[in-house]
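If you read the protein sequences in the order shown, they are chains W and F. The numbering of the first sequence is this note's numbering, which starts it at 9 and goes up by one. The numbering of the second sequence is this note's numbering, which starts it at 333 and goes up by one.
Fair warning: there could be bad hints in the mix.
[Stated by the list, open to error] Restricting the straight-line Cα-Cα distance to at most 20 Å, the calculated cross-link-like pairs of lysine to any residue (SDA-like) are:
no.: 1; chain 1: W; residue 1: Lys57; chain 2: W; residue 2: Gln10
no.: 2; chain 1: W; residue 1: Lys117; chain 2: F; residue 2: Ser370
no.: 3; chain 1: F; residue 1: Lys389; chain 2: W; residue 2: Ile104
no.: 4; chain 1: W; residue 1: Lys57; chain 2: F; residue 2: Gln373
no.: 5; chain 1: W; residue 1: Lys57; chain 2: F; residue 2: Ser334
no.: 6; chain 1: W; residue 1: Lys66; chain 2: F; residue 2: Leu371
no.: 7; chain 1: F; residue 1: Lys341; chain 2: F; residue 2: Gly360
no.: 8; chain 1: W; residue 1: Lys57; chain 2: W; residue 2: Ser11
no.: 9; chain 1: W; residue 1: Lys117; chain 2: F; residue 2: Gln376
no.: 10; chain 1: W; residue 1: Lys57; chain 2: F; residue 2: Val428
no.: 11; chain 1: W; residue 1: Lys57; chain 2: F; residue 2: Asp372
no.: 12; chain 1: W; residue 1: Lys86; chain 2: W; residue 2: Tyr58
no.: 13; chain 1: W; residue 1: Lys86; chain 2: W; residue 2: Ile104
no.: 14; chain 1: F; residue 1: Lys341; chain 2: W; residue 2: Pro48
no.: 15; chain 1: W; residue 1: Lys117; chain 2: F; residue 2: Leu371
no.: 16; chain 1: F; residue 1: Lys389; chain 2: W; residue 2: Tyr58
no.: 17; chain 1: W; residue 1: Lys117; chain 2: F; residue 2: Leu420
no.: 18; chain 1: F; residue 1: Lys341; chain 2: W; residue 2: Tyr58
no.: 19; chain 1: W; residue 1: Lys77; chain 2: W; residue 2: Ile111
no.: 20; chain 1: W; residue 1: Lys117; chain 2: F; residue 2: Asp372
no.: 21; chain 1: W; residue 1: Lys117; chain 2: F; residue 2: Gln373
no.: 22; chain 1: W; residue 1: Lys86; chain 2: W; residue 2: Ser11
no.: 23; chain 1: F; residue 1: Lys341; chain 2: W; residue 2: Gln50
no.: 24; chain 1: W; residue 1: Lys86; chain 2: W; residue 2: Ile111
no.: 25; chain 1: F; residue 1: Lys389; chain 2: W; residue 2: Gln50
Bear in mind the hints are in silico, worked out from the structure with no lab data behind them.
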Amino acid sequence: AQSVTQLDSQVPVFEEAPVELRCNYSSSVSVYLFWYVQYPNQGLQLLLKYLSGSTLVKGINGFEAEFNKSQTSFHLRKPSVHISDTAEYFCAVSEIRSNYQLIWGAGTKLIIKP
Amino acid sequence: DSGVTQTPKHLITATGQRVTLRCSPRSGDLSVYWYQQSLDQGLQFLIQYYNGEERAKGNILERFSAQQFPDLHSELNLSSLELGDSALYFCASSPVQGGIGVGSPLHFGNGTRLTVT
């Protein structure tokens, strides 16, 4: 069965430092990949998505992610985080075998230390 | 603002009771999805409707049911509530039928926080 693994449940990082949130998925077919962000007391919103083409995808708020097919990964990065980036980040995958239903990772809480 | 409206924002009820959660999708979106988010289970997909018809089922308990009405709003009914049903319930909408389709994102409401005592 398809699965999405977010290796870190929490990532603490100092303000203005770079951050990488890791996401690995299990699939042998073509996939669509997404990162969603959930700010405190809010619903999820799309951060960025990979459908095809360039493996480096840029999203909102200065985030970017790189699709690595050989390593089945889609890690999220930001070169300099701000206190406003405090949120939970979810990686999700969809593919034709699941009728494109999203398979979600468990989420990673990004904790920004002042 | 995602354009998806969920009511109520908070709901406190007792075990054994029944509640109804309501969702109005973003204007023009035909698909509605229901998710449950809890600390121990994370984000769980419950069910999807498209233009009034059930399209996909996830980890939805038999005590739970949903429907989508002709005006496209949706309701999630939870009955015989148990303490473990306490969670944040999200509704999301998208314009397409088949899951995400070609890159169409889900738009989430702010959720209904259900507390069962």
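Hints numbered earlier in the text: which of these fail when held up against the supplied structure? Violated hints: 4, 6, 7, 11, 13, 16, 18, 22, 24 and 25; rest satisfied.
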